[in-house]
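Chain residues, written in single-letter form:
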Amino acid sequence: MKTAELIPAQTFCIHHNIEFAFIDSLQRFGLVEIITEEEATYLPESCIPQLEQYVRLNKELDINMEGIDAIIHLLQRIKKMQDEIVGLKNRLSMYEGG
Amino acid sequence: MTFIDYYEILGVPKTADAETIKAAYRKLARKLHPDLNPNDKDANKKFQQVNEANEVLSDPEKRKKYDTYGKDWEHAEEFEKAKQSRGQSQHSYGQSNDSGFGNDDFSEFFSSMFGGSGPGSQGRGSQVKYRGQDYQAELKLHLEAAYSTHQQTLTVNGKNIRITIPAGVENGQVIKLKGHGGPGRNGGPSGDLFITFVIENNTIYKRSGDDLHLTAGLDLYTALLGGEITVDTLGGKIKLKVKPETQNGTKTRLKGKGFPVYKKEGQFGDLYITYSIKLPTNLTEQQKELFKQLSELS
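In the order they appear, the protein sequences are chains A and B. Here the first sequence stands for residues 1 to 98, numbered as in the working numbering. Here the second sequence stands for residues 1 to 298, numbered as in the working numbering.
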């Protein structure tokens, strides 16, 4: 069985100087998963880089929750399209150059 | 080292107030922020410039110093001392040929004028811990090298990193090396290093995923009468039986003789061989006669 690494949400908030309300809003938008154990809230370690990206978008660019949601959705679409372009280029190279 | 016009970078006049500067910075940051422009080196470089311009122009003290000395920034300290002692000093202006912005967060120009500090270390900086910047790198590999798992040492920002490249890596594939990116700010963790593989193919094979495609020449007689040919594969030479009356363009699949499947040891794609029948040239009189007889028979 896989063991999930959990980070206390409070620790993350202190570390990044943010209010817990921000994490709570992210959860409401379905952007992060919060795990509650014995009344304490935790964040899966695997989602920390993504969460830090949300913090940067919010703090450095003043982007609100709706904006973050839209940006993440668009970035995922861009990534999917970029992967598709790479795949298509690789297939195209089969027919190029004789 | 060259003078950097921070007003020009932010696109604001020299008389711009704090609000105008903030608005201009926000607008450009939203356009160029690395989180919104992954894998875009140009955008990342421009973002550094915008960040630096904002760091100076949004801080009244730094802006004052910058406005006072402007292009004479190289001699700011000397001017300060001279002013204090009411003395006079004359200096010749040195030449510089650096481009200004490098790979670090701040340019040499900034370091020279403000003492090499980044945001957070002076004035309005906070104690927020930030994860370091993610680095992007490209690694070129020949198709033959990508065929087998091997180790390679990379030098990233002066540090040697030894990585294992699994067999079957694809062109354009990206791998992440955790913690090998830029250092974090205020004690934050380091960023990650993303390596994009560029597979160069100068071989006779064409790759499509895990499958390889090869065009093999076949002489007329083997094509008509059948026989055996030797084919080079990336795993070595193999002998192949050719059926009699094989047509030009016939495709044969050799199962498991293609490219290794990424991170699936012992699994390989297939090798597709397309026969290209070569007609004989410079026929002798006897050969011509025999072909004539053949044509009359059919």
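Treat the hints as calculated values from the structure; they're not laboratory data. Don't take every hint at face value.
Here are some of the chain A residues that sit facing chain B, going by a computed Cβ distance under 8 angstroms [unchecked claim]:
hint : residue
1    : Arg56
2    : Leu61
3    : Asp62
4    : Glu66
5    : Arg91
Cross-link-like lysine-lysine pairs, in silico, DSSO-like; alpha carbons within 30 angstroms at most [to be verified]:
hint : chain 1 : residue 1 : chain 2 : residue 2
6    : A       : Lys79     : B       : Lys251
7    : A       : Lys59     : B       : Lys41
8    : B       : Lys65     : A       : Lys89
9    : A       : Lys79     : B       : Lys14
10   : B       : Lys46     : A       : Lys59
11   : A       : Lys89     : B       : Lys14
12   : B       : Lys31     : A       : Lys89
13   : B       : Lys251    : A       : Lys59
14   : A       : Lys89     : B       : Lys176
15   : A       : Lys80     : B       : Lys62
16   : B       : Lys263    : A       : Lys80
17   : A       : Lys80     : B       : Lys292
18   : A       : Lys59     : B       : Lys14
19   : B       : Lys62     : A       : Lys89
20   : A       : Lys80     : B       : Lys46
21   : B       : Lys255    : A       : Lys59
22   : B       : Lys264    : A       : Lys79
23   : B       : Lys14     : A       : Lys80
24   : A       : Lys80     : B       : Lys264
25   : B       : Lys255    : A       : Lys89
26   : B       : Lys251    : A       : Lys80
27   : A       : Lys79     : B       : Lys263
28   : B       : Lys178    : A       : Lys79
29   : A       : Lys59     : B       : Lys140
30   : B       : Lys41     : A       : Lys79
31   : A       : Lys59     : B       : Lys263
32   : B       : Lys263    : B       : Lys251
33   : B       : Lys27     : A       : Lys89
On the chain B side, residues computed to face chain A include the following (Cβ under 8 angstroms) [unchecked claim]:
hint : residue
34   : Lys27
35   : Ala29
36   : Arg30
37   : Asp35
38   : Leu36
39   : Gln133
40   : Asn171
Just so we're clear, the structure is a prediction, and the values are computed from it rather than from any experiment. Cβ atoms here follow ideal geometry from the backbone N, Cα and C, with glycine treated the same way.
Query raised in the report: Is Lys59 (chain A) within 30 angstroms of Lys41 (chain B), Cα to Cα?
Result: Roughly 22 angstroms separates the two Cα atoms, so the pair holds.
Query raised in the report: Between Lys251 (chain B) and Lys80 (chain A), does the CA-CA distance stay at or below 30 angstroms?
Result: 33 angstroms, violated
Requested in this report: Verify the proposed pairing of Lys59 (chain A) with Lys14 (chain B), using a straight-line Cα cut of 30 angstroms.
Outcome: Roughly 27 angstroms between the alpha carbons, so the hint for Lys59 (chain A) and Lys14 (chain B) holds.
Query raised in the report: Does the CB of Asn171 (chain B) sit less than 8 angstroms away from some CB of chain A?
Result: Asn171 (chain B) check passes; min Cβ-Cβ to chain A is 5 angstroms, inside 8 angstroms.
Query - Pairwise hint evaluation, Lys89 (chain A) against Lys62 (chain B), where the allowed Cα distance is 30 angstroms at most - result: Given pair Lys62 (chain B), Lys89 (chain A) is violated - Cα atoms ~49 angstroms apart, limit 30 angstroms.
Query raised in the report: Taken at face value, is the distance from the CA of Lys79 (chain A) to the CA of Lys41 (chain B) at most 30 angstroms?
Result: Holds, at about 16 angstroms.
Query - Cut-off 8 angstroms, beta-carbon criterion: hint that Gln133 (chain B) touches chain A - result: At 11 angstroms from the nearest chain A Cβ, Gln133 (chain B) fails the 8 angstroms test, so the hint is violated.
Requested in this report: Given the hint that Lys27 (chain B) pairs with Lys89 (chain A), test it: the Cα-Cα distance must not exceed 30 angstroms.
Outcome: With Cα atoms ~34 angstroms apart, Lys27 (chain B) and Lys89 (chain A) exceed 30 angstroms; violated.
Query raised in the report: Taking the least C-beta to C-beta distance, is Asp35 (chain B) closer than 8 angstroms to chain A?
Result: Hint on Asp35 (chain B): holds, closest Cβ of chain A at ~5 angstroms, below 8 angstroms.
Query raised in the report: Holds or violated: Lys31 (chain B) with Lys89 (chain A), Cα cutoff 30 angstroms?
Result: Status holds; Cα separation ~28 angstroms.
Report task. Verify the proposed pairing of Lys264 (chain B) with Lys79 (chain A), using a straight-line Cα cut of 30 angstroms. Result -> With Cα atoms ~25 angstroms apart, Lys264 (chain B) and Lys79 (chain A) stay inside 30 angstroms; holds.
Query - Lys79 (chain A) paired with Lys14 (chain B) [C-alpha distance capped at 30 angstroms] - result: 40 angstroms, violated
Of the numbered hints stated above, those contradicted by the structure are hints 4, 6, 8, 9, 11, 13, 15, 17, 19, 21, 23, 26, 29, 31, 33, 34, 39, listed in ascending order.
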